[in-house]
Amino acid sequence: MNRQKGKQYFVLAEIAVADKSIDSRPAMVEHGKKIICQRCGRAHSKQSVLLPIGCYYCPTCIRYGRITSDGQLVIQQTDLPAFDHKIVWPGVLTSFQQKISQQLVANCRQKKSSLVWSVTGSGKTEMIFETIRHVRQEGGRVAIVSPRIDVCRELFPRIQQAFPQEESLLLYGKSEEPYRYTTILIATTHQLLHFYRSFQLIVVDEVDAFPYEGDAQLRYGLYNALAENGCLIYLSATPSERLLQEIRGKFAVLKMPLRFHQRPLIVPKPIHYSRWAQAYRKKRWLRPLLQHLQRLVKKNFVLVFCPSIQLMKEMEGAVRRQEASWLITSVSSQDEKRREKVQSARSQVYKVLFTTMILERGVTFENVSVVVLGANHPVFTKSALVQIAGRVDRKGAFTEGEVIFFYDQMTEAIRQAIKEINEMNQLARSWLTDGV
Amino acid sequence: MECSWCQIFFPREVTIIELLAPWRIPEKELCPQCAQRFTVIDWQSCCPTCGKKDTISCSDCLFWAKTCPMIHLQHRALFAYDQGMKAWIHEYKLMGNYQLRETFAAAIRQKINNFEYDCLIPIPLSAERYQQRGFNQVTAVLDAAGVKSQEWLDKVVDTAPQAQRSRKQRLEEAQPFAVKPDVACEIKGKKLLLIDDVYTTGRTLYHAAEALQTFAPQSIRSFSFAR
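As you go down the protein sequences, you meet chains A and B in turn.
Position 32 of the first sequence, counting from 1, maps to 32 under the working numbering, and the rest follow consecutively.
Position 47 of the second sequence, counting from 1, maps to 1047 under the working numbering, and the rest follow consecutively.
FYI, nobody ran anything at the bench for these hints, they're computed from the structure.
A portion of the hints provided could be inaccurate.
[Said to hold, decoys possible] Not close to chain A: a few residues of chain B, all C-beta gaps over 10 Å, as computed: (1) Arg-1012; (2) Gln-1083; (3) Thr-1159.
[What the hints assert, rightly or not] Reference excerpt, derived from the structure (chain B facing chain A, CB under 7 Å, subset only): (4) Val-1040; (5) Gly-1096; (6) Asn-1097; (7) Tyr-1098; (8) Gln-1132; (9) Gly-1134; (10) Phe-1135.
For each residue, glycine too, the CB sits at the ideal point set by N, CA and C.
Based on the sequences and whatever the hints tell you, model everything.
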């Protein structure tokens, strides 16, 4: 039982009633012709999920272990000891970050949720440290979640470093470490389905990322995992229209237009490239890309974003044939060596790295330029383009990193992305001239 | 159309027959990506006694010929028991996603119709396991396929899940099946077709066949979803 402490799990009804020390509620609730799963919130028609033994089950969240209508969801909640922390963090917050950080703590005191809309590379993580500390002082439990596992993996060591006296755990679908009770939990949003009113503060990093964006099941899990008197912090560089609509009036929106180093965002250059989709077929069609690459690799290492894995592989081959001396590789979601490759890309091993959407966010490279091949492709939404552009000039000294969008048809997404970056830069300028 | 495994919607063209007879369009079907994960066994080139893919004679079959010389199952299976099939069985049987019974319903109906038989007999579960899983994985598929089956066997001994034991342990296991007493007289002279989900060592099906053999059926053959 102890290993399951603070986590929601499923048991058959007779067992749940027998143990009085735990809270329990029915796993599924009937609603007319539908039956609603209390873990993921999905309603199914009764007839489609009826088992021959006469009870219902939920196929939607079955990969977290099947729950049936003859059982209960139980959780053993515990009171946490309050703990006063000194945040251990080598850096200093800029006065702008300080301002946001203080606002977040104030909102949290009033139990008001907030959205931090801050540009890529502005040090979002550091700005939530104060709030985490505040919640821990009050004896609350904290969860920091993200839809993307890469983001979680990057967050975990930073949280551990900042709160060394606190027990924290990184939890995801295939995590090597089994669940144990910790005061700070770093997890993928999916894992929140295993909790019920457990956290006084939940921070959702990259809230606009797939698969959380628009997934009702994950949203249900998030609100279920939040304690009754708890509050949320959403972090995003590119909140979608839909998200802004959803939180209007409920959340405080805090904008942060300045990067940590206070240099403006790099504005993407849209360049017309009529044959980008077939560029690997002919030398002549490949030339525009090659010329830009040759120029860019002199100063930086280059990330090339492709809309599909297939095109990525073709392009990798074509460029390698032309420039045999360059160290080129590619990484995609289907790549088994994904983690190793990203790791070596960080240490500047490659000259050119071809990739798909997976490196769109959450990763930081130094000295990098970015090329988007086929920015008009539908996978590159406005948010994706803003995120991709945000990979450049995040860290270290300025190295004249560039962002190039190759397109053969101008799209609204490209226009909006460039417009949003310009607007944020403008706001940043006014902040810098006016001070805090 | 909704995929019967991954539940993702995919476009598919309607055939002329379906256009003329729209009630024959199935509700769900495997999408091309999911279909790729399964390997259909060609019954021309498989092992004639156990149905293993691309085999002529295997050591398994020699073993069974020695241990049970009276029984000639001439087993046939629909798919090879490979990565894709293992993943499907895992989700359907072990995780208990009852809706997946529809995945191969049409294909299984077609294959079963190729057999000459009087009675279909699914391999039963123990009462405890049935309660735990909520369904019998074999009868569920047969029901979805719309073929009639007779539950003439009982599993009287609750054995540990097959997958948790070694090959040797499985082969040494005692007879867990018993024929239901009231149907004993009906078996005589019938052509029986035994159905299981997976054929691995053959132990389960040979046990079932042995239990039925005492009541002198005309023949016993067997079919499984995977081999």
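For each hint, the structure was consulted:
1. Arg-1012: 21 Å, holds
2. Gln-1083: Per Cβ check, Gln-1083/B is outside 10 Å of chain A; nearest 15 Å; holds.
3. Thr-1159: 20 Å, holds
4. Val-1040: 25 Å, violated
5. Gly-1096: 5 Å, holds
6. Asn-1097: Hint on Asn-1097/B: holds, closest Cβ of chain A at ~5 Å, below 7 Å.
7. Tyr-1098: At about 6 Å, which falls below the 7 Å cut-off, the nearest Cβ of chain A leaves the hint on Tyr-1098/B intact, so it holds.
8. Gln-1132: 9 Å, violated
9. Gly-1134: 4 Å, holds
10. Phe-1135: 5 Å, holds
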